[in-house]
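Visitor: Chain by chain, the residues run as shown.
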Amino acid sequence: MATATTQVKRNYPPGDVAIWIFIMAELAVFAIFFAAYAFARSNNVEMFNISQQTLDTNVALLNTLALITSSYFVVRAVASIREGKSELCMRWLIAAIFMGFVFLVLKSGEYVRHYGEGTNMRTNLFYMFYFSMTFFHFMHVIMGMVILAAVAVKAKQGGYSAGDHTGVETGASYWHMVDLVWLILFPLTYVMR
Amino acid sequence: MKSDKTITKQRYAIRPCTVIYIALMGLTFITWMIGKAGLSGLDISLLVLALALFKGLLIGDYFMGLRYVTGFWRLPILIWIFLTGGLITWAFLIST
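Which chain is which? The protein sequence lines are C and W, in order.
Counting from 1, one number per residue, gives the positions in the first sequence under my numbering.
Counting from 1001, one number per residue, gives the positions in the second sequence under my numbering.
Source of the hints: derived by calculation from the structure; they are not laboratory data.
These numbers were taken from a predicted model, which means no experiment stands behind them.
Hints may be right or wrong, so weigh each one.
[Claimed, not checked] Label pairs and their in silico Cβ distance ranges:
#, chain 1, residue 1, chain 2, residue 2, range
1, W, PHE1054, C, VAL17, 23 to 29 Å
2, W, LEU1039, C, ALA40, 20 to 26 Å
3, C, MET121, W, TYR1068, 39 to 45 Å
4, C, GLY163, W, GLY1071, 19 to 25 Å
[Claimed, not checked] Which stretches of chain W does chain C cover? Using the computed rule of at least three CB atoms under 8 Å from a CB of chain C, they are:
#, stretch
5, 1018-1029
6, 1059-1069
[Stated by the list, open to error] Residues from chain C that face chain W, not an exhaustive set, calculated with beta carbons under 8 Å:
#, residue
7, ASN11
8, TYR12
9, PRO14
10, VAL75
11, GLY84
12, LYS85
13, THR119
Think of the CB as a built atom: it goes at the ideal place given N, C-alpha and C, for glycine as much as any other residue.
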């Protein structure tokens, strides 16, 4: 059974506008990375395809699921604080941070495996892009986890309310950007050939 | 000047974000299965890219909350998705 409720249509995105300017800058950098990868591949298709097949698609799947789940938890955290539930918001954020940690562990495992196989950025052009893009993203995941942790601590201290939770929305927007980038990075480097 | 207008929406037993989450997981599995099957070629690559871009739109609209935003701030994520997708498509089309 559906019940009618209201939703504000607004001229500004959730969170601080400053984070959106930062997000736009970050996305521009990743767009350049993706385009550079794709155009570099256009002249080295066979080498890229062969190198791509050495990557572990199963781990990439788990990493993608971890980030999507983490983003979903952040959405629930924002929904919780909009209802004035600080404690619940904090718990969703901790769950999101945990999924980010899962991503880092799995991705680190991949890097260790590559290192063990003697593969690195100097191996060929594909790996130069692969390591550059995924590690750049890896650093963003860490940054996002730090932001979410800071927001969780403030939520725990009762620093947000149903009427004042810009900080939660700001952290959430950054984290979704990290997820958005991976959703392109995963198929581009692991699947498209 | 900031002006908000109120619209009416429906609230259901299952939150829209949960439906979107399930859809994102399902689309991810499809992408993974294509990869595991070793499918390749321009058409397959563009299909996989289209799935990824659609997932990006879902993230922007439902997770970032941009479906409730009007005007300029509705555009950056949309432009990024279509620009990035366009550049990748172009590069794959000219692949030799």
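Visitor: Decide, hint by hint, whether the structure agrees.
Guide: To see whether the hints hold, each was checked on the structure:
1. W:PHE1054 to C:VAL17: 23 to 29 Å: holds, 27 Å
2. W:LEU1039 to C:ALA40: 20 to 26 Å: holds, 22 Å
3. C:MET121 to W:TYR1068: 39 to 45 Å: holds, 42 Å
4. C:GLY163 to W:GLY1071: 19 to 25 Å: holds, 23 Å
5. 1018-1029: Satisfied; 6 residues make the cut.
6. 1059-1069: holds (count 9)
7. ASN11: Result: holds, 5 Å to nearest chain W Cβ.
8. TYR12: holds, 6 Å
9. PRO14: The hint holds - PRO14 of chain C has a Cβ within 8 Å of chain W, the shortest such distance being about 5 Å.
10. VAL75: holds, 5 Å
11. GLY84: violated, 17 Å
12. LYS85: violated, 14 Å
13. THR119: Check failed: Cβ of THR119 of chain C comes no nearer than 19 Å to chain W, outside 8 Å.
In this structure, the hints that do not hold are numbers 11, 12, 13, in rising order.
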